[in-house]
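Sequence order for the protein chains is A and B. Note that the first sequence covers residues 684 to 1164 in our numbering. Note that the second sequence covers residues 109 to 322 in our numbering.
Since the hints were made in silico from the structure, they are not lab data. These numbers come from a predicted model, not from an experiment.
Label-pair distances were calculated between CB atoms; the ranges are:
hint, chain 1, residue 1, chain 2, residue 2, range
1, A, Gly705, B, Gly214, 21 to 27 Å
2, B, Arg237, A, Gln713, 18 to 24 Å
3, A, Arg866, B, Gly214, 50 to 56 Å
4, B, Arg218, A, Ile917, 46 to 52 Å
5, B, Pro248, A, Asp835, 53 to 59 Å
6, A, Ile917, B, Lys295, 31 to 37 Å
Ideal placement from N, C-alpha and C gives every residue a C-beta, glycine not left out.
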Amino acid sequence: MQPTDNIEKLLSGTPIPSVNDGPHRAALKQELLAQMQAMEKSMADQSQPSGPGLTVAMPIKPPRHIVRPQWIAAAVAAAVVVVATVIFVVKQSADRMAIAPRKPTEVAEAAPAREVEVESLAIQPRPVTRESLKEGLIQPLRRKSLEQSVADAQVIVVATALDSAAAPPKVPGDLPENAVRFRVTRVLKGELDAKEIITRSPTPADEFIGREWIVMLSPEFLAGRHSYAGRYGIKFEPEVKAMLAKSELVVEREGLPPLEDEIAKAQVIVVATALDSAPAPPKVKGDAPENAIRFKVTRVLKGKWTQEIVTSRTLAAPEDYIGKEWILMLSPNFVAGKYPYAGALAIQFEPTVKAALAEPERNRQRRSLKERSLEQSVSDAQVIVVATALDATPAPAKRPRDLPETAIRFRVVRVLKGKMTDEVITIRHPSGVGASADEFIGKDWVVMLSPEFVAGKHSYAGCYTIKIEAEVKAILAKEKK
Amino acid sequence: MNDLTGDRAFPLNHAGHFPAPALPPDEETELVQRAKYDPPAFGELYDVHYRAILNYLYRRTLSIAAAEELTSNTFFKALRGLPTYQPRPSIRFRSWLYRIATNEAGMYWRKRKARRETRLPSDENDLPRIIFVWPEIESPEIVREKQKQYALVHQALSRLPERYQSALALRYFEGLSHEEIAVILGKRVGTIKSLVHRGLAKLAKLMAKIGATE
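The following block holds chain B by itself, in its conformation from the complex:
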């Protein structure tokens, strides 16, 4: 039986990183409320979520420069929108930031498409700042090799329609639950499960085409 539609625990041997844990709900609510008028509180929120957003956008764009620019846009938009943001148990602050970041990533890819840029923006200069699982034992060669593996998957993923890209990236690269992805993308949980499943099928076809399924 195919259990992709179930929200099972993530495979334990998953080699990726996971998003920063959200603060406890009551603490987050209190911090967000303070952040609306208190710069140091906003700074705290920023510190908690910066890395997660930067990593997410890097994984979506494969360019540190682009990820940093989009991270800036995300946080500036969050700052502008914060007064109207109401923390709710169903919409955590992290999900809200991911939503803004996802929109930014979408806009980035649409702009690239409009400019007919097809080459992936992977940059050798980025490598010293890239880390995988065991930073203390990973040589530059290992990092380069792993980066290539990721770039291959990313290349196939970037050929999918945007809605599939977002759903798969949030599910498999960020390790988020279907429920949280539903909040981020503003869709129902059932729709997300279906998007993920159909996205996987489409990706399988694409990978088979470029001979990367092995």
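The following block holds chain A by itself, in its conformation from the complex:
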């Protein structure tokens, strides 16, 4: 035995104290949130045009060792910008402008949606002040996550930075900025007719030119209220696309019946491109106007379908359909010619539909019965955790003459649903300590805690074997979707 084994045993066996919550918990939380709100407020105040009467409260005074490097970094950055501008201006006067200044009309052509001239940009940069330099510390608080930016942007494009020109300051004394011209190569979100866009940026233009960027255009940019656009490296394109696909799936399926049911009900499922549409004659006089849309079938996913064209009636505007690929769900009545409406599903669902179709029908039915009860338990539980059973002891009787029960301690390993702040949970099991308790100990379990358990009204919880973890996760993912 190694000399350290004894001491390890001693440490492992040492009772470890924990502290019950006191008033400090609530007080600190309140103080932290107040601090955060004060920071937000001060940032909001700072984003207003600064004037002589404007004073900005800095609620957090960071320690000096934090301030210094950022201040130096900001100063160095400012110096670099000034030097770069001087070189640029000298070069411009020598070469008579390397890049021909764009006329207002050219800019308007480039971005007709907003009709912004380079000379009349809406937002003016604030002059560099002590406050604005300090702001560098808290600026990232304002920086939104990529996901938030994707959600907020009205249009997202991939664009190549072509060239740039110095954008004249709006107010004398402003730091120099650049107007950068981008050629749009593809649109990832929204619609944009313009082939080129011009954005304003304080970053030196050399960093842009000749490279591809993901440019996020806000509704304000498109409305011509300002000329600043979010710019991300092209390496984020797959991430942005994944986020867009995810958000579309969520939006598209909201409030609809389960997709599996629709797939099961459909006799034929095809992928088809909407070709054109024509007003459909009303079935009964006075009916709302409808359109008949012609779809060209490109592939069949389920059932037999030999016709090249499918025509379906719809109440929706045909422009939403034309030119796009759809998954059409054709019911038995539609196939028999008794019903003129086909179900149309966005093409993003094709993998889901294929996966559902790949599963043998019998398995699906058998599983759905089993899942239903598990689904119910998952849905009813407020918290679901994976936990390791640590030990078991006789539970203190709640009333005299109660049947013996066992208290089993679990160490929470991970949380699958809800929030769990306890490190160790103790549940009662309605049996005495015996051989059966040993079956629990040392193993991982999926433990489902009811709202009553969480509220401390009882100590009984559902314990499931770890094998069902994947199933529980799938049910939770489905619920989330």
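Position chain B against the provided structure of chain A, taking the given hints into account.
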């Protein structure tokens, strides 16, 4: 064979508590990103991690007042640093908080040393708020007895250099894996294993000196 260097499962009869489980990674990332500009989201993060940090700092300082003060410092520093914190699978938010808390605990002990304070700050008034394994069946006497046992180990541990203290406390009182301790202390996993092993050896010598190994 000595298996201390292996990252084996913690002994099941370990009588201590374990750190709060981290949120699922994707959920945590999303919550942390929201917390950067959304106070209620930060509040959620705080609720999830408060107890773990308070307990950790109590176990390091043996004083609720000091633990609460250091917990405040930890969360204020986390609030300031949050904008620059980037969630990564290798550096979970919990580990990041533990890192700040460990630094706070280190500073606390350095200050005490500078002031030449040698008496442990254990306070009888803290006892009503201390719990061990079975709060519902533990009488104040049992709590006092267990607290004494812990204080004895803590006293020996506090005589070790700080790097050993942190590694052993995180490993044996918080139940963290070598990998997570490596992230928290900013060292390699191999270094942590070595620190833990050497720390145990040093602690064994100290405990033998004060006759507490029995």
